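Enquirer: We have chain A; now place chain B onto it with these hints.
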Amino acid sequence: MALPYIEYEKNIIDQGLETGTERLTKERIAKVVDKVIGGETGARLKAYVDTCVHCGLCSDACHMYLSTKRDPKLTPSAKVKRTMSVILAKKGNVSPAFIKKASEIASTECNLCKRCVQYCPFGIDIAYVMSVVRRICHLCGVTPLYIQDTAHSHSVTQNQMWVKEDEWIDTLQWQEEDSREEIPDCRIPLDKEGADFMYSVIGPEPKFLAQLLYQTAIIFNAAGLNWTMPSFPGWDNSDMAMFTGDSEIMGRNKRFHYEAAQRLKVKKIVMGECGHAFRAAYDMGNRWVSWAMPPVPMVHAIEFYYDLLKSGKIKVKEKYKKSVTLHDPCNTIRGRGLHEKARYVINELCENFIEMHPNREHNYCCNAGGGVINCGPPFKKKRVSTNRIKAQQCADTGAEILITPCHNCHSGMEDIIGDYGVDMHVKFINDIMYEVMEKPGLE
Amino acid sequence: MTDTANWDWETKEKLVSDLNEWKDSYNWVEEPYVSPDGEKIAAIVNTDEAEFNVCENGKAWEIEEPFEKAYSLRYSPDGRLIVLSAADDEWKPVVDGKPWETIFDFIWDLKFSNDGKAIAVASQTDTEYCMAVNDVPWEDSYTFMTCMILSADGKKSASSVQTIPLGQAEVFKFQEGAFTAAVNGVPWDKNFVNVWNMAFNADGSSLAAEVRHNLYDYTIVVDGKPWNTVYGCVWQPIFHPNTNAVIAPVKLKDGWTLACDDNILWDSRFTQVWQQMVSKESEKIAAIVASSYGKWTIAVDGKPWNITFGDMVTDAVFSPDGSRVACIGTDKEQYTICDNGNAWDMKCDMVWKPVFSPDGNKVAAKIDKNGKRTIAVDGRLWNKMCDEVWEPVFSPDGSKILCRSVEDGKYYRRIIPVNEF
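Protein sequence lines correspond, in order, to chains A and B.
Quick note: the first sequence uses our numbering, first residue 1, plus one each step.
Quick note: the second sequence uses our numbering, first residue 1001, plus one each step.
Hint data in this document are derived by calculation from the structure and do not stem from the laboratory.
None of the values given here were measured: they were computed from a predicted structure.
From the three backbone atoms N, C-alpha and C, an ideal C-beta is built for every residue, glycine too.
Be a bit skeptical, because a hint or two may be false.
Claimed, not checked - Distance windows between CB atoms, simulated: (1) B:N1114 to A:G123: 55 to 65 angstroms; (2) A:G123 to B:D1126: 50 to 60 angstroms; (3) B:P1241 to A:D196: 30 to 40 angstroms; (4) A:H425 to B:D1262: 30 to 40 angstroms; (5) A:G56 to B:S1292: 36 to 46 angstroms; (6) B:G1224 to A:H362: 49 to 59 angstroms; (7) B:N1114 to A:K315: 28 to 38 angstroms; (8) B:E1049 to A:A292: 47 to 57 angstroms; (9) A:D196 to B:R1080: 46 to 56 angstroms; (10) A:K317 to B:T1004: 50 to 60 angstroms; (11) A:D196 to B:T1047: 37 to 47 angstroms.
So here's chain A without its partners, still in its complex pose (with noise of 0.2 angstroms):
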């Protein structure tokens, strides 16, 4: 059944947006644009930008685009076209109602997915560019409110729900507690120097989603893994910041996560179901400090579970009878290519795996990642309306569970099938392993 298409808001009122704007000078962005163009990009950004013929083959490979009966506006060289290319032309000379609408694009109109980087014939990394006009806003002070809260959080916190080092610790000891009463001696070991892994998850975990925890330590303590978590700011792999344009506070989340591993003494650091985590840990927040690659070897729960499956530790006590499909995170696959081995893990946990097509590293984004859902309320609607290729690929499914190893999917998924009325629930990889794995030790 074909869904509907939703008409999307195209004049959405953000306070982050409009008092940033109300401050801006078009001296500023001079300024601004001079120092970003002529002092952290190099030839990269004009060969992308000057290099573009505008051919449209990039236009398929957006949801966005797909999503609004094909809006020319948001084709990813049209994006790029009403962004970058004009502060280019204009080398900076653009008003304070450009850098807005130019934030608004680059931070709500495209997820930095880099499906469309597939399909340009010259391989123009339209996410970069998108990242660069990101980061001019930022420094001209124009960002959306709630995903400037969430960067505002992480510079004081290390993590992005402003979660208190109290909170933090207490949720970890809190969980533990109800563990026990599944697993006696079960375990969420805090500071364990020399453990074999630290475990970091992202803020939402202990704010909102504290059954994550709770599951991930019956999970290890079945496997009798030695592990660990921190108790000090380090423990959020997450980073917002990174897609505000604030790459110093980007660069800083991450050395307190690799220094937090360094300091625990740990082998490597085993990361919940996160996809932009995974980017920000492994390939642009150690890249801003220098590590060219992770200091500590950062691995993803997906191949985590994997290994943990292929190796015997956690065995299935009976298979999930649910038909299940799975999305496909962009940061995950694309970024990392675990395609298979998520397919390893739900075929062994699962028994009735249905594919959504396209699938693999040509799956559609969920509209929620680059940090678009943490635009928040006020670009909910038009992040839903703009992704109504992706309810219709999980409607064809036909299945009952929609599995989406990575939290901002998980999220973003949530409102789409629930806005387009898709009958079908979402789960994490975790939910479903804690569901049907044999538990030694159980009470």
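Expert: Same frame as chain A, but now just chain B:
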């Protein structure tokens, strides 16, 4: 600093405690910690459902009621045993079995002065935050607190605190500055957008911190007064131990370097600079640097070593006379010690912070290799591969090493002549 002269440097081997027996006495035994002199070993133990105690050398603490929660068990530098414990949702540090009198809603981030005489924790009561040192909380408390530190003598404690309330997503109010530093609970009179990692000077009379004036301008603040220059980024400052000058990594247009009292100290520029340190004896200044992208090393007085590591460099330390620097270097997930620019011919799965002998001629470190733990001196392994070891300690004359190890579940304290490595 811990005085090691009175420790037993003669007894070659002591079986201090058999941890296997502990495991028979309790539901479970958590990871053990050992005293600096190696004479004691302790762990949090579970005695019943939601009941915990501390076991030291096989003997449980005599406490009135078991703890409902216990974590952060540590020995202080002077050998006292501390745990953060809770019962009936009331938290207290417990020192050698004796609880503090003050009750908190939560405590964390246990810290010690250099001699161990001062014990500090971060605390929260009724959603207000402050530090507490030796059972005395600050008089003032705050709605938020982070980056806690304690001075070397333990007489001063400080943290980054929030002095202006912020509602949800009040981003522009945030950008006016809601944070400052508080010393012994007393805030500076100037606010900043962010106040991060701080350092006290040697006598604790001055405090320096990294701050952000707005979303873009970073600088160093000393006792509430910011440097005049703003930088693209800064990292944690330190005080020169002899001159009291403040030294911090700063990001300039052409790269990272060190600044001293707001003047550029090093002519050289790096892709990254942090964890600078000053030798009190030689007055040399060293820092971990990336000499170019992805190539990590140590720079001493601005001059980088020739050797570089692709993954990272950590845990740098000066020799006691300040003539040498040792650090951990990592390449392709293999760890080693690098001593004054020369890497040990030994690749390990993990290495702990190197330790210089008192005369500075030898370097020892705890290492992890093939799933076993041991000690290495100048790149040579101890002949025992253990389940666990703790970091080595040289005798005052540098001729012996205290090796604290667990083998087959038994904890041993051994004194090994350095020439046996």
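Enquirer: Evaluate each hint against the coordinates.
Expert: Here is what the structure says about each hint:
1. B:N1114 to A:G123: 55 to 65 angstroms: holds, 56 angstroms
2. A:G123 to B:D1126: 50 to 60 angstroms: holds, 58 angstroms
3. B:P1241 to A:D196: 30 to 40 angstroms: For P1241 of chain B and D196 of chain A the Cβ distance comes to about 38 angstroms; the hint holds.
4. A:H425 to B:D1262: 30 to 40 angstroms: Since the Cβ atoms of H425 of chain A and D1262 of chain B sit about 58 angstroms apart, the hinted range of 30 to 40 angstroms is violated.
5. A:G56 to B:S1292: 36 to 46 angstroms: Holds, since G56 of chain A and S1292 of chain B (Cβ atoms, about 40 angstroms apart) stay within the stated range.
6. B:G1224 to A:H362: 49 to 59 angstroms: holds, 56 angstroms
7. B:N1114 to A:K315: 28 to 38 angstroms: The hinted range 28 to 38 angstroms is violated for N1114 of chain B and K315 of chain A, with Cβ atoms some 50 angstroms apart.
8. B:E1049 to A:A292: 47 to 57 angstroms: With a Cβ separation near 49 angstroms, E1049 of chain B and A292 of chain A satisfy 47 to 57 angstroms, so the hint holds.
9. A:D196 to B:R1080: 46 to 56 angstroms: Once the Cβ atoms are compared, 30 angstroms apart, the range 46 to 56 angstroms for R1080 of chain B and D196 of chain A is violated.
10. A:K317 to B:T1004: 50 to 60 angstroms: holds, 54 angstroms
11. A:D196 to B:T1047: 37 to 47 angstroms: Given a distance of about 28 angstroms, which is not inside 37 to 47 angstroms, the answer is violated.
Checked against the numbered hints above, the structure breaks hints 4, 7, 9 and 11 and satisfies the rest.
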